[in-house]
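Chemist: Listed here are the chains, written in short residue letters.
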Amino acid sequence: ADKLTVMLDWFINPDHAPILVAQQIGAFKDEGLDVEIVPPADPSVPPRLLAAKQVDLALSYQPQLYLLADQGLPVVRVGTLIDHPLNTLLAIEGNGIKDIAGFKGKKIGFSVSGVEDATLGTMLAKGGLSVKDVSLVNVNFQLVSALLSKQVDGVIGAYRNVEVNEIKEHGVTPVVFNVEDYGIPAYDELIILANKDSAKDPRIPKFLAALKKGTDYLLAHPAETWATFAKEHADLNNELNKASWQQTLPMFDKDPAKLDAARYEAYGKFLFDSKLIKKELPVSDYAIDVTK
Amino acid sequence: MTAGRTLRLGRGGRGLLIFVGLILIWWGLTLLFRVPSYMLPTPDRVAVALWNGRGYLAHNALITICEIMLGLGFGLLLGASLALAMMFSPLFQRWMMPVLVVSQAIPVFALAPLLVLWFGFGLASKVIMAMLVIFFPVTASFFDGLRRTETGWIDLAKTMRASPYAQLRHVRLVAALPAFGSGLRVAAAVAPIGAVIGEWVGSASGLGYVMLNSNARMQTDVCFAALFLLSLMAVFLWQLVDILLRRILYWVPDASHPAGRSA
Amino acid sequence: MTAGRTLRLGRGGRGLLIFVGLILIWWGLTLLFRVPSYMLPTPDRVAVALWNGRGYLAHNALITICEIMLGLGFGLLLGASLALAMMFSPLFQRWMMPVLVVSQAIPVFALAPLLVLWFGFGLASKVIMAMLVIFFPVTASFFDGLRRTETGWIDLAKTMRASPYAQLRHVRLVAALPAFGSGLRVAAAVAPIGAVIGEWVGSASGLGYVMLNSNARMQTDVCFAALFLLSLMAVFLWQLVDILLRRILYWVPDASHPAGRSA
Amino acid sequence: MVALVRPRMDAAAAATRDQTPNGGNPGIRVRDLTLRFGAQTVFENLSFEISGGEFVALLGSSGVGKSSLLKIIAGLADATAGSVIGTDGLPIPGRIAYMGQQDLLYPWLTVMQNVTLGARLRREPVDRPWAEHLLERVGLSTRQKALPAALSGGMRQRAAIARTLYERQPIVLMDEPFSALDAITRAMVQDLAAELLADRTVLLITHDPLEACRLGHHLMVLSGHPARLGEPFTVPGQPPRAPDDPAVLTSQGHLLRLLVEASR
Amino acid sequence: MVALVRPRMDAAAAATRDQTPNGGNPGIRVRDLTLRFGAQTVFENLSFEISGGEFVALLGSSGVGKSSLLKIIAGLADATAGSVIGTDGLPIPGRIAYMGQQDLLYPWLTVMQNVTLGARLRREPVDRPWAEHLLERVGLSTRQKALPAALSGGMRQRAAIARTLYERQPIVLMDEPFSALDAITRAMVQDLAAELLADRTVLLITHDPLEACRLGHHLMVLSGHPARLGEPFTVPGQPPRAPDDPAVLTSQGHLLRLLVEASR
Ligand SMILES: Nc1ncnc2c1ncn2[C@@H]1O[C@H](COP(=O)(O)OP(=O)(O)OP(=O)(O)O)[C@@H](O)[C@H]1O
Ligand SMILES: Nc1ncnc2c1ncn2[C@@H]1O[C@H](COP(=O)(O)OP(=O)(O)OP(=O)(O)O)[C@@H](O)[C@H]1O
Ligand SMILES: [Mg+2]
Ligand SMILES: [Mg+2]
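Residue numbers (our numbering), protein chains in the order written: chain A, 24 to 315; chain P, 9 to 271; chain E, 9 to 271; chain L, 35 to 298; chain W, 35 to 298.
Quick caveat, the hints were computed from the structure, so don't treat them as lab data.
SDA-like mimics (lysine to any residue), calculated; alpha carbons at most 25 Å apart, straight line: (1) A:K254 - P:A66; (2) A:K302 - E:Y64; (3) A:K127 - A:L159; (4) A:K265 - A:P62; (5) A:K76 - E:L48.
Computed from the model, here is a short list of chain L residues facing chain E with C-beta under 8 Å: (6) L110; (7) G134; (8) L151.
Restraint-style ranges between C-beta atoms, simulated for each label pair: (9) E:I31 - W:T114: 42 to 50 Å; (10) P:L85 - E:W259: 30 to 38 Å; (11) E:F27 - A:E116: 51 to 59 Å.
Yeah, the Cβ is synthetic: ideal placement off N, Cα and C, and Gly gets one too.
Let's have the full structure, built from the sequences with the hints guiding it.
Modeler: Here is the structure:
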């Protein structure tokens with residue numbers, strides 16, 4: 024079997040379910056692949072190691088893709104894992120925040136992603152505010168605890184299938200603003216990147232085909248796959264992940280290889296307008312459909 | 009004999025008492041201030057997490073122990089060699105010291121991708137990371153010790169036709185041992201940190217990984233269970249080093265008890 | 009006079025040379041191994057980033073400097089106080105040492121998220137973080153120094169009816185200064201890391217924040233510009249401490265140059 | 035006077051001797067002192083008394099226990115058993131000037147600072163003229179600002195002597211204070227010590243019989259394993275005696291004989 | 035023999051003296067030696083020669099520069115100007131046994147290990163019987179396994195002497211080696227040194243005129259600021275001389291007179 028190293032975007036979590044299930048049911052083996060899954064310590068690392076050819080595929084986020092391309096990293100999107108935005112602007116009930124305008128003068132925490140200013144700016148504009156009307160503070164990976172401990176009034180970068188559940192688990196009612204409802208163009212939250220040099224690598228279509236099988240199986244047998252996952256990752260076997268597993272199901276891309284070029288172009292324009300990237304590149308420069 | 013006995017018993021008992029005491033304080037604090045569990049879980053929850061994840065934790069703890077020992081070993085080696093080189097060559101010292109200081113100022117995190125790039129995902133990059141954290145205190149204190157050796161002792165050895173190596177082995181090294189001991193103590197205390205930092209660089213095992221992982225998932229109880237194991241290791245390592253040093257430094261006067269000398 | 013002059017000139021010149029040398033090595037490496045710029049940018053790109061972002065970088069550097077200095081100050085204070093307390097009270101020493109070791113074993117990274125939640129995302133949490141990183145090397149080496157004071161010096165002071173305080177101030181403290189110096193050196197070298205870690209975990213300013221931010225945006229040149237400033241700070245701090253210590257420790261023999269004594 | 039206190043001596047009788055006439059400086063009373071290091075008994079049940087204002091020289095072969103005895107009297111070491119107390123019934127530490135066998139100059143202080151350290155340790159004002167006078171007398175007036183590392187062995191010892199004399203304590207304990215000095219300098223510093231310590235209670239350890247006979251009211255010899263004190267003997271006349279004083283010469287002869295006997 | 039080499043002395047003439055008869059041990063030739071510490075000139079243009087196999091005692095008041103001179107000869111300190119060389123034209127360091135003014139025992143080594151350290155430093159086999167013999171002779175045979183911290187001052191000095199004698203070097207340099215010993219022990223150790231160093235070239239610094247006269251073939255006195263060497267003088271007869279040897283007594287008298295003069 025051909026060895027293929029895939030670096031995740033973050034620690035193993037339900038967002039990776041299709042890959043894990045494909046592994047569970049032997050879909051990769053059937054395609055003649057021996058897939059090794061490596062989680063990184065920091066989401067900024069996988070694209071770099073991919074560019075340096077230390078791994079064959081890496082998971083990242085569509086917004087990041089533009090920053091990578093803008094800085095000239097030789098990476099290209101070859102597949103999509105989650106084709107919905109997961110990102111939200113999140114507050115909790117009791118903070119007096121009921122709508123976007125309620126954030127005026129508030130403190131908003133973020134986990135550095137590179138695009139939080141643009142996202143937040145666009146969203147706040149819907150409530151007649153600008154980024155200057157709030158104070159931003161990096162809370163790293165502690166979105167929920169910063170919010171719960173009232174160190175911040177809201178956070179951007181919280182996922183609707185993870186952080187929102189966590190808030191609920193602590194008996195607090197979340198106030199959720201989904202990004203796509205506030206002027207952010209729809210985008211793919213989790214994508215699969217390859218090095219440009221190996222875009223033609225025959226293993227990639229095989230990987231994507233196996234991934235599709237994994238997704239299909241997952242959607243057909245959510246309970247069984249969860250049980251297997253929970254057994255394999257005892258440390259992840261808890262109510263939160265179980266809920267998340269269910270919630271994420273509709274988010275997975277049923278055809279991972281397919282590319283919606285118009286959507287990619289639209290988001291690129293959004294970032295360019297927000298001055299986060301220096302030039303608008305043609306989509307084919309950073310995203311391809313390897314099956315075509 | 010009897011004195012030694014009571015002392016050792018006292019030590020063990022003290023350790024236990026401190027242990028229990030710290031846990032009680034921790035418990036009391038969490039209860040008193042109603043600290044939410046995402047900030048600081050209660051000891052009972054941590055104990056449960058410890059028990060439930062025993063296999064998983066033990067496995068990862070073993071890996072971390074390996075890294076600590078290797079990192080400590082190489083860190084000591086590197087630190088001692090650098091100190092010696094600096095002592096033997098003022099030239100080297102003058103040129104190397106600033107470089108070493110810079111090396112300390114660069115947070116290892118910034119280097120992490122580079123290290124993985126160069127040394128891969130395996131044990132190597134982690135051990136190197138631990139080594140980077142450890143070597144500097146050792147170098148600094150050992151070099152200070154070597155530098156402050158009574159010149160008369162070295163002079164005398166010279167008159168006895170001691171080769172530079174013999175001077176080193178029989179006089180300088182021994183005379184610098186107390187200072188080296190200081191450095192070793194610090195190194196032993198920070199070694200676990202080094203290993204943990206190393207584990208955060210693109211690998212999927214070890215207590216550091218467990219901590220980061222569970223922290224990101226809000227499983228603070230698991231995180232603290234790992235932290236607990238790590239602290240345990242550190243204390244054992246420290247005790248080991250302490251006992252070792254007390255053996256080796258039999259000839260160093262101890263003026264630490266100003267009250268009486270009869271202890 | 010002349011000797012001092014040449015020495016100082018030599019120092020400055022050496023610093024410059026090391027600086028240029030390191031940059032050349034860096035440049036050479038990036039060119040030789042064709043290291044991609046998103047891993048390690050070339051010095052010229054960093055220089056450009058440094059110049060373009062000068063206002064932004066200077067502002068954030070200033071904040072980091074504040075954090076470092078405050079952390080160093082409090083860390084030294086805490087470290088020295090603990091060492092003194094341990095020296096004066098064997099009881100305190102026996103009970104406190106294990107606690108301190110445990111405190112070291114808990115990686116600040118792991119604690120940092122909690123500290124931020126407790127002390128907020130402002131200056132306080134960073135200063136505390138830096139303090140936590142710093143105080144232990146200081147405590148350990150200072151305590152070792154206090155403990156190893158020539159007993160004769162203390163005895164003599166006692167016969168002169170020195171109060172415990174006077175013994176401390178005039179004999180023990182001075183005699184322990186060399187060891188304290190060792191600890192201070194290490195502390196000065198690691199202080200910047202403490203501050204940066206604090207900034208990573210939660211903040212909206214400082215060089216650590218700049219690094220994190222530019223790292224996420226793949227602006228490695230800005231990231232390395234910040235790293236460069238950080239290293240510069242560390243070296244300056246080190247030099248400052250070194251000069252200070254050489255002044256204070258005028259009476260300590262220096263056996264570091266075994267070749268000749270006439271330097 | 036020096037008296038070997040026999041273990042059975044009546045305590046009441048001893049008490050009557052407390053009224054020392056000599057300027058009121060207290061003497062030293064040592065009772066049943068025993069010192070052991072592991073299996074080795076350095077001395078056992080040692081008892082003697084030095085009256086206030088007396089200058090006693092203690093001799094004895096190397097390693098017999100002189101320095102240990104001095105340290106115990108100074109309160110710097112603990113005896114295995116026995117007691118040391120002033121003849122006025124008060125403890126001795128706190129009113130002594132002690133000079134050990136090593137000079138113990140503080141390497142970070144200049145000569146002047148070393149000499150006057152006692153004052154600073156006690157937060158008293160420094161008596162600079164007095165210190166200058168002493169340094170002048172021991173021949174170090176030009177070296178006041180030197181660090182100990184820049185002094186010769188004899189100069190270090192003289193600085194330590196000046197420091198001891200600076201203290202002006204009623205009881206002075208000195209351990210071979212003149213051993214590193216040449217004959218001429220030694221005589222000069224001995225005269226100085228004799229002059230300044232005239233009415234103090236002094237216990238001086240020395241290896242030089244001439245020195246002992248020049249300076250001491252009484253001489254004591256410690257000898258044997260475990261060590262015992264020989265019968266103390268008195269040198270006639272007032273110290274400091276001239277080196278060619280017949281009393282010195284006969285005493286020296288007598289002392290040498292004692293030492294030779296002791297060493298057998 | 036000791037000779038004050040006048041600066042103008044013919045170099046060729048000096049060279050003819052190299053053939054020393056005494057067992058072939060090299061002597062010490064000091065030429066135009068100058069030592070300054072800052073503005074202070076310790077000595078200037080000091081020249082003298084010690085023939086091979088001679089035992090020379092060096093005296094002089096405290097701080098005059100004796101120890102500095104010895105260190106320069108031993109190669110442990112640099113002179114400001116001048117040269118030191120063996121009479122055979124070879125350098126002196128590497129064939130000396132040096133004993134400094136401080137005992138410099140290594141605190142982590144036992145007495146025995148201290149004595150035999152030289153052998154271990156040179157990777158030679160340790161001559162244990164020889165070391166045991168020496169320790170026996172200096173009276174430390176029961177203390178072989180003690181650490182220096184558990185020794186008395188005089189014991190430490192004797193251990194250092196044993197270490198120096200253990201070396202069996204052709205040139206021996208000793209700085210007040212007997213200063214901490216009582217009269218009896220001192221005489222015993224002096225005899226030992228005289229016996230074992232009979233044909234070596236020895237330069238001994240001492241403050242004890244009796245010691246100088248008992249042990250030295252020749253005596254030299256260093257005096258003045260900057261220091262000069264007085265005309266060396268010879269004690270008749272072979273060392274070690276008895277303390278009551280008339281040669282010793284007259285020499286001692288003569289020496290004392292010299293010292294008193296020097297101190298003026
Ligand atoms: N490192 C130094 N710096 C400055 N002066 C020094 C230094 N070492 C020695 N001296 C000076 O050199 C002179 C000679 O010192 P040296 O030790 O040779 O005297 P010495 O003859 O051995 O005296 P002693 O009999 O007291 O031991 C002294 O005046 C001393 O102060
Ligand atoms: N810390 C110690 N441990 C064990 N033995 C000791 C210790 N200190 C001293 N001794 C022993 O006690 C004895 C007496 O020592 P002390 O220093 O009193 O001798 P001393 O009479 O002053 O000799 P010297 O004239 O050589 O100075 C010696 O035999 C010495 O070995
Ligand atoms: Mg003694
Ligand atoms: Mg000298």
